[in-house]
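Undergrad: Chains U and R, in that order, are what the protein sequence lines are.
Read in order, the letters of the first sequence are residues 1 to 362 in our numbering.
Read in order, the letters of the second sequence are residues 363 to 441 in our numbering.
Since the hints were derived computationally from the structure, they do not count as laboratory data.
Quantities reported herein were computed from a predicted structural model and do not represent experimental measurements.
Take the hints with a grain of salt, since some may be wrong.
Said to hold, decoys possible - In silico DSS-like cross-links for lysine-lysine, where the CA-CA straight-line distance does not exceed 27 Å: (1) Lys28/U to Lys57/U; (2) Lys158/U to Lys399/R; (3) Lys129/U to Lys418/R; (4) Lys134/U to Lys106/U; (5) Lys244/U to Lys187/U; (6) Lys28/U to Lys82/U; (7) Lys399/R to Lys244/U; (8) Lys244/U to Lys82/U; (9) Lys305/U to Lys57/U.
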Amino acid sequence: MPIKHLEEYRDSDLSRQLVEKIKRIRSKKLRLMEVCGTHTVSIFRAGIRSILPDTIKLLSGPGCPVCVTDQREIDAFIELSKIDDVIITTFGDLMRVPGTLASLQKERADGRDIRIVYSAMDAVEIAAKNPNKKVVFPGVGFETTAPTIAAAMISAKKMQLENFFVYSALKLIPPALEALMSMEAVKIDGFILPGHVSVIIGLNGYQPFFDKYKIPCVISGFEPVDILQAIAMLAGQLKTGIPKLENAYVRAVTIAGNRRAQEIMMNVFQPVDVAWRGIGTIPQSGLGIRENYIAHNAEAKFDIKLPDPEDPKGCACGQILIGTRSPLECPLYKNVCTPMDPVGPCMVSSEGACAAYYRYHS
Amino acid sequence: MCLAIPSRVVEINAGMATIDVDGVKREASLLLLEDVKIGEYVIVHAGFAIHKIDEKDALESLQCLKKAAALVDQKEEDQ
Ligand code: SF4
Chain U
1 MPIKHLEEYR
11 DSDLSRQLVE
21 KIKRIRSKKL
31 RLMEVCGTHT
41 VSIFRAGIRS
51 ILPDTIKLLS
61 GPGCPVCVTD
71 QREIDAFIEL
81 SKIDDVIITT
91 FGDLMRVPGT
101 LASLQKERAD
111 GRDIRIVYSA
121 MDAVEIAAKN
131 PNKKVVFPGV
141 GFETTAPTIA
151 AAMISAKKMQ
161 LENFFVYSAL
171 KLIPPALEAL
181 MSMEAVKIDG
191 FILPGHVSVI
201 IGLNGYQPFF
211 DKYKIPCVIS
221 GFEPVDILQA
231 IAMLAGQLKT
241 GIPKLENAYV
251 RAVTIAGNRR
261 AQEIMMNVFQ
271 PVDVAWRGIG
281 TIPQSGLGIR
291 ENYIAHNAEA
301 KFDIKLPDPE
311 DPKGCACGQI
321 LIGTRSPLEC
331 PLYKNVCTPM
341 DPVGPCMVSS
351 EGACAAYYRY
361 HS
Chain R
363 MCLAIPSRVV
373 EINAGMATID
383 VDGVKREASL
393 LLLEDVKIGE
403 YVIVHAGFAI
413 HKIDEKDALE
423 SLQCLKKAAA
433 LVDQKEEDQ
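Generate coordinates for the entire structure from the input sequences, incorporating the hints supplied.
TA: Written out as structure tokens, the structure reads:
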């Protein structure tokens, strides 16, 4: 049974009205970035790009977790899978991401024990059922996913599971927004902020970023009406010239966010500097495992040798993730690189901009 | 990938909820959310409920939105 009123957020009359409103308030050319990969997919699926006036350009941002994972980390997951007695438990999206030498999928075909799970809790269960094996979970994602992995680690500790490990490549969104703002080549007039990262960090999570840069920011839900409303609010802010941090997803996002999830996340993790594909190292933008969970830290437990990381040749994912290039401007797009035979992570992940273009762009 | 559709809680058992998303039943942990009751709608991410949708808030924001888009008259909204 669908939630009451959900249909109304898909109402095409209401969408049309919002588009009219956007057309009325648009003034000059606007470049808006949808930070989140799920937004990219929703925008394509609902055909939002095609109904917006030409003056509004939507750019896909660094919010596809698999896409922004650095090649070194992908290589680490692959190396871990080669250790005897290790079971890799992972979200499905990571399987086909090409590392420097192989991918998890290729390793699985070679007989490594790599299992797809739906939740970090499933990985804990696998560890409990396989006491003679070491279960490693590659932690990929943002503030939405980090508390779920933290909760799984807390459970594993309580259960005294000595064979459950996480390799954290978790990342934080506000420091990435800061990094984008400081890049010369990146030109953005406003941000459509991710819905479910915001469920956790709340409107407050962006306040320091907003105070520093004073750029229009609106948190958006995932239905067509939500996204159009966020765009209308951004266009309105840009017209009045008064930037604001606003919330267009009130039914899911509060000012303070999910405090309990924040606490659980910060009990297990602490901010560290990490590298992002396409952006480079961003200070305090990653989540490292704290000392009191070191027994479950795969990075501390396993000594792995990594190849010199090499990004896929000719792949423009890096620039696509910061909005300076579109998939259509990658020479490999569609002729060499397809979802069946992906060259880079932006074509692998269902949330990747290249995969979204491939599926929906005619 | 974020599951955008809110799910209805149909059963709660030892910190786990059975949720219903458009007829498909799944399990979700309640470790990250307090006070969830059967019949309520939650947002689920990677096997965890992360937010409880407040019906009243949802309805109010929808009404504000419609008013802002200047579309529906009051009578229709109230039904
Ligand atoms: S189309 Fe393929 S090669 Fe080109 S940027 Fe996208 S993922 Fe990389």
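Undergrad: All the hints need checking, so say for each whether the structure fits it.
TA: Each hint, compared with the structure:
no.	hint	result
1	Lys28/U to Lys57/U	holds, 11 Å
2	Lys158/U to Lys399/R	holds, 26 Å
3	Lys129/U to Lys418/R	violated, 43 Å
4	Lys134/U to Lys106/U	holds, 20 Å
5	Lys244/U to Lys187/U	holds, 18 Å
6	Lys28/U to Lys82/U	violated, 54 Å
7	Lys399/R to Lys244/U	violated, 35 Å
8	Lys244/U to Lys82/U	violated, 49 Å
9	Lys305/U to Lys57/U	violated, 43 Å
When held up to the earlier numbered hints, the structure conflicts with 3, 6, 7, 8, 9 and fits the remainder.
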